[in-house]
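**Q** The hints should help you fit chain B onto chain A, whose structure is shown.
Quick note, the sequences are listed as chains A and B, same order.
Counting in our numbering, the first sequence runs from 110 upward without gaps.
Counting in our numbering, the second sequence runs from 13 upward without gaps.
If you're looking for bench data, these hints aren't it; they were derived computationally from the structure.
Treat the hints loosely; a few may be bogus.
Reference listing, derived: stretches of chain B covered by chain A, where coverage requires no fewer than 3 residues with Cβ under 8 Å from a Cβ of chain A [stated by the list, open to error]: (1) 132–138; (2) 155–169; (3) 181–195; (4) 199–210.
What follows is a set of in silico ranges between Cβ atoms, one per label pair, in the way DEER data are often shown [claimed, not checked]: (5) A:LEU250 x B:VAL99: 52 to 58 Å; (6) A:LEU207 x B:ALA118: 53 to 59 Å; (7) A:GLY271 x B:LYS356: 18 to 24 Å.
These figures come from a predicted structure and were not determined experimentally.
Cβ coordinates follow ideal geometry from the N, Cα and C atoms, glycine included.
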Amino acid sequence: MAQTVLFWALAVAAVASAVAVVTMRNILRAAVMLAVSFLAVAGLFVLLNADFLAVVQVLIYVGAVSVLLVFAVLLTGDAQAGSASNRLRVPGAMLSVLLLAALGAVALRTDWALLEGVAPGTFALVQEVLTETPQQLADLLLSNWSLPFEVASVLLLAAIVGALVLVRERHP
Amino acid sequence: MNAFLAGNSLMRGLYCWLAANQGNAQECSPGWQPGMAARDGLLPAGWEWLAFAVTASVAAFLVLNLFLLLAMFYTYLERRLIGRFQVRIGPNRTGPWGLLQPVADAIKLLTKESIIPDGADRWLFNLAPIAMVVTMFMVLAVLPFGEGTFIADINVGLLFLIAVTSVNALAVFMAGVASGNRYAMFGGVRAVAQLISYEVPMVLSVVGVLLLAGSLSLVDIVNAQRVPFLLLQPLGFFIFVVGASAEMNRPPFDTLEAESEIVAGYHTEYSGMKFGYFWLAEYSAVLTTSGVIATLFLNGWQGPLLPSHVWFLLKVFGLAFVFIWVRSTLPRVRIDQTMAFAWKFLLPLGLLNIFVTAAEILVLGQPQGEGRVFSTGGLWLMAGINVTVTIGSVAVFSRLVSLRTPALPVPAAHLSRVEAR
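Just chain A, with the same shape it has in the complex:
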């Protein structure tokens, strides 16, 4: 019961603040609402027993992404005046609808009854997997999925080097 109440509170908060991000004219307030939305999603992760994901969500999205976003927006031109131009509204809407359709399709096709249909003997096993998420994730990342893991880090390195090349000062 308590979990249902929490879920709806968090879900409503996440969606409402996400809508506020899009509709607010003040760019700084929009960024703060984005952080609120991220926090609510982190709460949803906690309800799903994904504690590692929840904490990483706060660490990366609230602590870093939204700050860097505000940083970048504030330091580029007339951000104080309000939200940027609307020329990309139609492609943006199309992309959002496509994304929503894809996520909806995945959500509907997934078998969510992870703990309900499990045989009595394996219940504890599934529960252990769900409570020891950091270890499980680390094992998977460093065994089966080590190649994507490494590729992602190479991608980040390339992004850093690219950013450095772009902003480097050329001394005469």
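**A** Chain B in isolation, oriented as in the chain A frame:
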């Protein structure tokens, strides 16, 4: 829910008084055997969540208020000690030995007018101090204060700690930009740049602790310390302490709000209790950070003879004393030196520390189950190697990295860029 209560003597008593039943009999009576009748709690079955909510609220209330009392005492201690370091007396007029000085300060802040400037974004301006204080107090949720005394032992505790302190940067930025003042905005940008930069070496420095403890839970990390990790991780300790003092805007890295040299920084426009919140967050950060350092590197609450809570407080205030000592002794460094120090000095040392620690665990540790265990000789060898590596690498790197002033004359354009960063 019950997993939270295992080994938690702070919350178990009240929870069991409210909601003891067949399902959680094991947690509620230490000597419980299968077949024994369970004591009944006040609440009927199915209401465990309410018992949990009440228990957690009471524990949080107690911890927070005790912590605030300590923070109050700490501000007095800091002012008195700085007075001593500067060969003056310090506050000694309010109450016996000046002990009521923090109370007087609080009353002063509460009764001052709270001004909101015309150009400010009222909503964010009011939200920023709250966000700042909340993120600071969230740390208390996972910190073990003594044997079995903690609010929650979550198995991503250390990461939780890093995550909530990183939200701090957003609060600082909000305060700076919402003030509607150029100086406050520059102060905010400057502060965020420093906070984000020092987060990187700090996170790298705790990886060594993680590798040794094999767990992210702070309770497990304390239990894993047969010897204080300070001996096994001197380099990590050094980086963490330096990074922490930069994260807290403590001297020598307090260019963010160097009150004697530049306009205060992100909280320029704040007055009254809203400024008091920033002030409170800043001072209590010293205590929470000392608690984190004590937990990660100094054995946490473990110690002989004295009760565990006393040991924890002793370590926290010992570290706080070191922070005060550093503050009153070292001169301030320039902002470009601060940033260069994070990226050119602490970051490579952090990477080196991870590499050395991982190699040692691979070579010296004997595999047992999923983790690795160390013999006493292995631990001493490891401590010896790590102390040598620390001294050597710090000596080498301080030669390699120069923090000298760029050669004058500097073009005006270049200067302004450096300052804006």
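**Q** If a hint holds in the structure, say so; if it does not, say that too.
**A** Taking the hints in turn, this is what the structure says about them:
Evaluation of the coverage hint for the region 132–138 of chain B: fulfilled, as 3 residues show C-beta separations to chain A shorter than 8 Å, against a requirement of three. Given as covered by chain A, the region 155–169 of chain B passes the check, having 3 residues with a CB less than 8 Å from a CB of that chain where 3 are the minimum. Residues of the region 181–195 of chain B lying with their CB closer than 8 Å to a CB of chain A number 6, which satisfies the three-residue condition for coverage. For the region 199–210 of chain B, the proposed coverage by chain A is satisfied: 3 residues have a C-beta within less than 8 Å of a C-beta in that chain, meeting the threshold of three.
Remark: the range hint 52 to 58 Å for LEU250 (chain A) to VAL99 (chain B) is upheld by a beta-carbon distance near 56 Å. Under the hint 53 to 59 Å, the C-beta atoms of LEU207 (chain A) and ALA118 (chain B), about 55 Å apart, fit the expected range. For the pair GLY271 (chain A) and LYS356 (chain B), the supplied restraint of 18 to 24 Å holds, since their beta-carbon distance comes to about 21 Å.
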